[in-house]
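J.: So the chains spell out like this:
Number of protein chains: 2
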Amino acid sequence: MSEVLKIFKIGGGIIDDTAQLSQFLTELARVPERKIVVHGGGKGASQMLQNLGIEPQMVQGRRITDAATLDIVTMFYAGKTNKQVVALLQQNGVNALGLSGADGNVIRATKRPVKDVDYGFVGDIDEHSVETGLLQNLLRAGLTPVFCAITHDGQGQLLNTNADTIASSLARALAPFYQVELHFCFEKDGVLADVNDENSVIAQITPGQYQSLKASGVIAAGMVPKLDNAFAALEAGVERVVIENALKINEPVKTILCRS
Amino acid sequence: MSEVLKIFKIGGGIIDDTAQLSQFLTELARVPERKIVVHGGGKGASQMLQNLGIEPQMVQGRRITDAATLDIVTMFYAGKTNKQVVALLQQNGVNALGLSGADGNVIRATKRPVKDVDYGFVGDIDEHSVETGLLQNLLRAGLTPVFCAITHDGQGQLLNTNADTIASSLARALAPFYQVELHFCFEKDGVLADVNDENSVIAQITPGQYQSLKASGVIAAGMVPKLDNAFAALEAGVERVVIENALKINEPVKTILCRS
Numbered sequence: 001m002s003e004v005l006k007i008f009k010i011g012g013g014i015i016d017d018t019a020q021l022s023q024f025l026t027e028l029a030r031v032p033e034r035k036i037v038v039h040g041g042g043k044g045a046s047q048m049l050q051n052l053g054i055e056p057q058m059v060q061g062r063r064i065t066d067a068a069t070l071d072i073v074t075m076f077y078a079g080k081t082n083k084q085v086v087a088l089l090q091q092n093g094v095n096a097l098g099l100s101g102a103d104g105n106v107i108r109a110t111k112r113p114v115k116d117v118d119y120g121f122v123g124d125i126d127e128h129s130v131e132t133g134l135l136q137n138l139l140r141a142g143l144t145p146v147f148c149a150i151t152h153d154g155q156g157q158l159l160n161t162n163a164d165t166i167a168s169s170l171a172r173a174l175a176p177f178y179q180v181e182l183h184f185c186f187e188k189d190g191v192l193a194d195v196n197d198e199n200s201v202i203a204q205i206t207p208g209q210y211q212s213l214k215a216s217g218v219i220a221a222g223m224v225p226k227l228d229n230a231f232a233a234l235e236a237g238v239e240r241v242v243i244e245n246a247l248k249i250n251e252p253v254k255t256i257l258c259r260s
Numbered sequence: 001m002s003e004v005l006k007i008f009k010i011g012g013g014i015i016d017d018t019a020q021l022s023q024f025l026t027e028l029a030r031v032p033e034r035k036i037v038v039h040g041g042g043k044g045a046s047q048m049l050q051n052l053g054i055e056p057q058m059v060q061g062r063r064i065t066d067a068a069t070l071d072i073v074t075m076f077y078a079g080k081t082n083k084q085v086v087a088l089l090q091q092n093g094v095n096a097l098g099l100s101g102a103d104g105n106v107i108r109a110t111k112r113p114v115k116d117v118d119y120g121f122v123g124d125i126d127e128h129s130v131e132t133g134l135l136q137n138l139l140r141a142g143l144t145p146v147f148c149a150i151t152h153d154g155q156g157q158l159l160n161t162n163a164d165t166i167a168s169s170l171a172r173a174l175a176p177f178y179q180v181e182l183h184f185c186f187e188k189d190g191v192l193a194d195v196n197d198e199n200s201v202i203a204q205i206t207p208g209q210y211q212s213l214k215a216s217g218v219i220a221a222g223m224v225p226k227l228d229n230a231f232a233a234l235e236a237g238v239e240r241v242v243i244e245n246a247l248k249i250n251e252p253v254k255t256i257l258c259r260s
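These protein sequence lines map, in sequence, to chains A and B. Taking the UniProt record's numbering, I'd label the letters of the first sequence as residues 1 to 260. Taking the UniProt record's numbering, I'd label the letters of the second sequence as residues 1 to 260.
Think of the hints as simulated: they come from the structure by calculation, not from any bench. Just so it is clear, the structure is predicted and the values come from calculations on it, not from any experiment. Beta carbons are placed, not taken as given, at the ideal position from N, Cα and C, and that holds for glycine. Heads up, some of the hints might be wrong.
[As the list claims (entries may be wrong)] Which residues of chain A face chain B? A few of them, derived with a C-beta cut under 8 Å, are:
{"hint": "1", "residue": "Gln23"}
{"hint": "2", "residue": "Thr26"}
{"hint": "3", "residue": "Lys80"}
[Unchecked claim] Footprint (simulated), chain B over chain A, 3 or more residues, beta carbon under 8 Å:
{"hint": "4", "stretch": "110-117"}
{"hint": "5", "stretch": "133-141"}
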């Protein structure tokens with residue numbers, strides 16, 4: 001039986017709140033299994049772009065990454081946030097090591113082709129590009145890799161890359177070597193049967209149940225891309241996907257998506 | 001006979017010049033031995049501090065690192081510069097992996113105690129704190145660690161740390177395991193016998209010769225701390241220290257400091 005590997009993805013909300021980030025990292029240190037952390041951006045980069053007089057451009061909820069924006073997001077994600085998370089994990093006794101996709105060539109991506117929208121320096125992860133050998137080496141050495149949402153194209157270009165996609169790409173790529181659990185951590189306790197009732201967390205969802213919940217409109221529109229992505233990861237060999245509150249990862253209330 | 005490990009330290013001047021940085025990294029890719037890169041800061045961080053209305057404070061040529069400054073230098077050194085260097089090395093076929101001292105707990109430091117001057121969040125490296133096991137593991141895996149000038153105290157605090165000191169601490173710590181060559185790369189071809197004559201590079205300096213050159217005033221005052229540091233590294237077991245032009249690392253003209 002292969003070892004359990006837990007991949008935790010945390011989003012911008014928690015990155016922006018120092019107290020919550022610190023609480024999440026303290027809880028994470030209590031997770032005994034091998035683990036990887038993937039963090040998103042947060043509002044800091046947008047704030048700094050504004051302070052420097054560079055207006056963030058958004059299309060369909062996504063930031064357009066021009067050269068100046070790429071510089072700032074690289075600084076924030078790979079510099080400030082990544083090193084802050086690593087230093088706080090070290091404080092909690094977790095031997096964290098920060099990575100972008102360029103480090104150790106661990107995730108390669110391709111600049112998104114211009115169709116209707118030119119997203120700029122945004123990368124789509126190349127299939128089968130995750131360097132699983134390096135990650136296994138680091139995990140075996142007792143390290144906890146901490147990924148920021150920056151990758152590269154192997155030709156010297158850094159690329160802004162969706163953190164959810166990084167987390168699920170890592171989970172799929174490592175599934176042959178570990179029993180991978182992919183944890184999407186956010187501000188709610190799980191997937192809610194009633195968006196207005198925080199206590200209506202659905203404990204478990206199979207692919208069949210998901211189709212029904214989607215058809216009946218129980219699952220809110222905003223959750224659909226995340227869950228589609230999650231079920232695709234399960235189909236690709238990931239053992240389970242967990243949707244949970246970032247501050248309650250060691251508590252039992254959460255939604256577990258399973259293969260059957 | 002142990003393997004050769006070359007540690008290259010590059011300074012701010014070359015970081016600020018994209019064409020020169022790219023040229024240095026292309027030359028570095030031609031160095032066949034195992035290697036580590038340590039990079040300093042550059043003017044970008046100061047420029048950004050100014051653009052954000054934070055005046056850089058200097059005392060005796062050193063930046064005072066308050067909390068706001070630490071944020072910006074961490075972003076620049078560990079984010080922008082480090083990831084740019086890593087991505088360019090990857091482009092040149094060198095499997096680089098960026099590190100701060102916090103990553104893998106690889107270099108711990110202590111916040112400099114306040115005496116006459118409060119330097120703020122500046123770290124002095126703890127003796128024997130370099131995690132040589134992790135570095136050997138990375139080097140064996142064919143990776144080239146790329147260090148920025150940020151360390152941590154193990155208690156969650158990042159610290160701005162002198163890049164020359166990081167390079168020589170790494171060199172000393174790794175000396176028991178490799179034949180370590182410490183290369184200080186800058187804009188001149190080596191130590192000059194006549195500061196006004198770029199062609200007066202002294203090919204080799206022993207500790208005895210260094211004492212004479214210092215006594216006779218041949219070695220310019222600005223070089224003394226760097227060379228004192230270099231000879232201390234030799235005494236601590238480093239095989240040789242090389243002072244050379246960052247753009248000519250594969251050419252024969254350079255100054256070699258040797259133990260005897």
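J.: Taking the hints in turn, state whether each one holds.
T.: Each hint tested on the structure:
{"no.": "1", "hint": "Gln23", "in the structure": "violated (13 Å)"}
{"no.": "2", "hint": "Thr26", "in the structure": "violated (11 Å)"}
{"no.": "3", "hint": "Lys80", "in the structure": "holds (5 Å)"}
{"no.": "4", "hint": "110-117", "in the structure": "violated (count 0)"}
{"no.": "5", "hint": "133-141", "in the structure": "holds (count 3)"}
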